[in-house]
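Enquirer: Below, each chain spelled out in residue letters.
Protein chains: 2
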Amino acid sequence: MKPTLIKDILVSQPDGRDVTVYGWVRTKRDSKNLVFIQVNDGSCFASIQLTFDRDENAKNPDLENIENQFKKILTGASVKASGKLIESPASGQAVEIKLESVEVLGEAGSDYPLQKKGHTVEFLREIAHLRPRTNLIGAAARMRSQMAYAVHTFFQERGFQYFNAPLITASDCEGAGEMFQVTTLDLERIAKIGIEAGSKGMDPAKAANLVDYSKDFFGKKASLTVSGQLEAETYATALGRVYTFGPTFRAENSNTPRHLSEFWMIEPEMAFFELEDDMDIAEEFVKYLLNWALTKCRSDLEFFDSRIQKGLIETLTHVAHSDFARVPYTEAVKQLEANNDKFEFKAFWGCDLQTEHERFLTEQIYKKPVMVYDYPKEIKAFYMKQNPDGKTVRAVDVLVPGIGELIGGSERESDYDKLSKRITELGMKVEDYWWYMDLRKYGTVPHSGFGLGFERLLRYVTGIENIRDVIPFPRAPKQCEF
Amino acid sequence: MKPTLIKDILVSQPDGRDVTVYGWVRTKRDSKNLVFIQVNDGSCFASIQLTFDRDENAKNPDLENIENQFKKILTGASVKASGKLIESPASGQAVEIKLESVEVLGEAGSDYPLQKKGHTVEFLREIAHLRPRTNLIGAAARMRSQMAYAVHTFFQERGFQYFNAPLITASDCEGAGEMFQVTTLDLERIAKIGIEAGSKGMDPAKAANLVDYSKDFFGKKASLTVSGQLEAETYATALGRVYTFGPTFRAENSNTPRHLSEFWMIEPEMAFFELEDDMDIAEEFVKYLLNWALTKCRSDLEFFDSRIQKGLIETLTHVAHSDFARVPYTEAVKQLEANNDKFEFKAFWGCDLQTEHERFLTEQIYKKPVMVYDYPKEIKAFYMKQNPDGKTVRAVDVLVPGIGELIGGSERESDYDKLSKRITELGMKVEDYWWYMDLRKYGTVPHSGFGLGFERLLRYVTGIENIRDVIPFPRAPKQCEF
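Chains Z and Y, in that order, are what the protein sequence lines are.
In terms of this note's numbering, the first sequence opens at residue 5 and continues consecutively.
In terms of this note's numbering, the second sequence opens at residue 5 and continues consecutively.
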């Protein structure tokens, strides 16, 4: 039965050959003599049109059966249809199928939720199991798949090894705090409703109801990872160049269009790369992804350009051909301070850049992507390489128009003593990082990496506003359906 | 600094050009006049040899510095080395570098755990952060990366869309039971040591200490997924052909060389594919992966062939060129019953095939891969398409020599009434599957899919016995280090 995909049929010569398609009916128009049916199989944005001329088929012995099938065809029905592939007189489509036989495989009643009319994205999220059958979510899903393959191809072509960081972890190395706990303890047997309130009056000794993690699956407290970077460093300092591309979790109580509790991250990590090399490859990576989208996802992109974000294709094309600006944080802050009257949060040296600052830099000042580097150490992570000035670290953020920060990266501190001192300064314990420190103890090397949130990239290349629409089944506070 | 990879240098012409390499020292041999240093950068199995002739360099003004660097070079040190690329007189390597300058970037002391000697795999697991620097784990890691890219390329070339199933789920649709719970409830505040023991004497009303999940992050009990299949079906019945490739979890208390608590699964799902199409593509997939391994991972594979499993390359080559046998379960069981004297567990119609049965079929009877199909419905999942005989379902397992079951798949039940009846028969509730049932309610189509455990594939193509050595940081009961 294995069907030919409609995307392949649509680019075939209309030479009258016999073709059979399988798909779902998007629309049916039934006039006196003519029936037009649009069939989509999800392989591409476009549907293929089936046309049936009753006059021509007046003596077709199978006519009664075909008419019976037509009666069963409503929006959403699945069909198998055969006929001759011919040139289409209609505009916007090169070919169509002159229908000879059609069979309804599965009907869809008038209660089918995706009738031909506009639906709000909020409604579509409630039927996330059916929404990929819409233009919007179908296109987003294909873009997601294409961009994922672009990510793999970019790195594989450049000698990177794909590295799978562990998802369940007993270390809390980034100190992010907001982690999901993973357990097989029976909460029903160790928990009582109301004990939380009751515990407020308890004496401290009784309140110290420590959980006996020796009985838990891993014999200790375990959580879902917030980043695979530290583990990726262990492989980068053995295999040279690696990249992660996998799920990451954040138990942050943020119900916004920009946050998910479960999302996919891309984290390349490269031995013998200094910050300049890191910036070079980050720039090359972004351009590669945009070029891939522009060439391999064209019809989906045209939909986004016309229906979601006007000018999207022009914007992406511009960025794909720009040389990214590179500016030290200190200089960027000076430029922002000169425009502080325009900002809700005033910029000053030492501040963490807000999205309004980032967008101003890339949209107003440079009018192209900007890589800001050498940030104050206080606002960046402990593992970043310290500059000789004692104040800044070799961090870089890649800012793009329309979105602000797309990528965050750094050269990593490779000096055992400096790293150890910084960990202690921050009130953490060096011994908790014993394996991370080992990388600085045995054959340490300069190395760098960066992180890109896959869904943020997808918002950027599709123009889709809400991050929940670029992932199949979004997870967020109080949201875990399907 | 961005270096040229050693894998690229090793296939270059030895034309005396200047090259610079960055990597880690595997060995150093220092004789009277000659120094030989093997440097590996993880980009490929082989190291590159640096040679230094003291006689030739007697008048080199930099000699003292070079000698000082040599003193610092022990196994595990990281170096930057430059010289001329020349033909190597040594056997087993085409080129070597006539050393002109060398700089130690990071020393490794004599306490470096990976001194030049054999290490047990058990020891290496204790230093999982350093073990990719060994031949064995380095090769396994490169194979893993290559096989992952082969998976993506196979599906992308065939019009499949990559689909990311959710990891955190509130449904327990497979009924697998052994799931990890995901929570942000504070276990310290709802749990007391000893309450489990104490609860045994409690009256049932008091024992019903129900957890108030409205206070949990998702507002309900949530777990880590055991399979993305049901969600993949929602996308297959919209986009046509999809595949998952992501982490999956099983909280099974199995401490064996074949089980992990966290592993990666590949689950393609295809609309308009019947069981025969499913078998066709499963066979094509396995052969494609083996051919990829045989051609693109040759040097790593040669290591496995010579050190881990003699004859591995021959075995894989044979399978890659075999037509897989296809035999109904009923016939397979007859063949097994005729050999019941050889089995610990006697085969009979209705039994779930044991690994000993599977291996006997593929190794002794057919001497090539075998696809057994049409299994008794009692031993297979509820969603599999029911055969007209009322006894069997359209399931298929792909069995390969040396390992037994590699792939399990089926055509899915697409008939609403039959599926609904089966769910009820099994004591489950149809309403819990409302969204899954919707796929049968609106435009249902024949569809099929299968699952392949990525680490099982890796054990198969590398010959590595213990599954913990084909994943960077294995998770298993009481094991969650790094």
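Read the hints as simulated data drawn from the structure, not as lab findings.
Among these hints, one or two may not hold up.
A pair holds if it fits inside one copy or across any two, identical chains being indistinguishable in the list.
As the list claims (entries may be wrong) - Below, in silico cross-link-like pairs of lysine to any residue (SDA-like), each with a Cα-Cα straight-line distance of 25 angstroms or less:
no., residue 1, residue 2
1, K433, T334
2, K102, D22
3, K425, E367
4, K11, S95
5, K121, W353
6, K224, H263
7, K63, A329
8, K6, D115
9, K300, F74
10, K422, D115
11, K225, R254
12, K76, W296
13, K224, E256
14, K102, K482
15, K76, Y370
16, K32, R330
17, K291, Q160
18, K482, L78
19, K63, K445
20, K314, P392
21, K32, Q339
22, K225, S175
23, K445, D190
24, K84, D345
25, K6, D419
26, K482, R193
27, K219, N259
28, K225, L214
29, K425, N343
30, K11, D281
Enquirer: Which numbered conditions among the earlier hints are violated in the structure presented, ordered from lowest to highest?
Expert: Those not satisfied are hints 1, 3, 5, 7, 8, 9, 12, 14, 15, 16, 18, 19, 20, 21, 23, 24, 29.
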